[in-house]
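Read off the chains here:
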Amino acid sequence: MFIAASIAILVVMGLALIRAILGPTVYDRILAANMFGTKTVLLIAVLGFLNGRPDFLDIALVYALINFISTVAVLRFFEYTAQDTDKEKT
Amino acid sequence: MQEIVHILSWILLVTGGFLGITGGVGILRFPDFYTRLHAAGVTDTLCAGFILIGLMLQAGLSLVTVKLMFVLLFLTFTSPTATHALAKAALHGKLKPRFAAAPGSTDKAVKKRTKTRKSRGTTSDKKGARPSQT
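Read top to bottom, the protein sequences are chains A and B. Residue numbers for the first sequence follow the numbering used here, so the first one is -7 and each next one is one higher. Residue numbers for the second sequence follow the numbering used here, so the first one is 1121 and each next one is one higher.
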């Protein structure tokens, strides 16, 4: 049961990674990276149960926070750089 | 009783995995950034919720359940926020939807909108059906 869930999560992570490599725009890549991080949190939780030692949940918690903060930070960076290039063009 | 909880958590885990694969296929095959955002954003929250609730049923009443609840709480807060921030940044970065109102499209509402925009005197047709930024 846990093996099925972890395989499904790994498949999703592979699909998100393909989109992150293919992605035409930078936003596609950020979206795929965000999804990859969320699925990593789930994978850590499920793998803890699979090993019978669910002590890794603290790592999953910290990973969820860091994933969100990194997504927002990268988005801020690209938002403002895009604005600046627009100002330079005009 | 134990068996019922076991079967219930099995169903929840499999449903979560299915939703996750749906989102993965959606993020890979949809034609446009905004549709991909829809696929990823909708399935992400529900997939995480189902899988974490399934794990909670497996763990029973212990500290592990509390940690799983915190993970679920963080994910339910941060995942829609990240999706919203992505959509806002993409709109800010002048990324157009792929099937936004092209100048020769046959949609009546779009035609009406472009007509009123032309009569108003603004020449920028290219902005299409994008909602105005407030």
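Fair warning: there could be bad hints in the mix.
Short derived list, chain B residues pointing at chain A, Cβ under 7 Å [to be verified]:
1) E1123
2) G1137
3) G1146
4) I1147
5) T1155
6) A1168
7) V1184
8) V1191
9) A1210
10) L1211
Per the computed footprint, the stretches of chain A lying under chain B, defined by three or more beta-carbons under 8 Å from a beta-carbon of chain B, are [unchecked claim]:
11) -6 to 3
12) 28 to 38
13) 43 to 53
14) 56 to 66
So, partial list: chain A residues that the calculated Cβ filter (under 7 Å) puts toward chain B [stated by the list, open to error]:
15) L7
16) L9
17) T17
18) D20
19) R21
20) E71
21) Y72
None of these hints come from the bench; they were simulated from the model. Please read all numbers here as calculations on a predicted model, not as lab measurements. Idealized CB from N, CA, C, for every residue including glycine.
Compare the structure with the hints numbered earlier in the document and write down the numbers of the violated ones, lowest to highest. Violated: hints 1, 3, 5, 10, 16, 19, 21.
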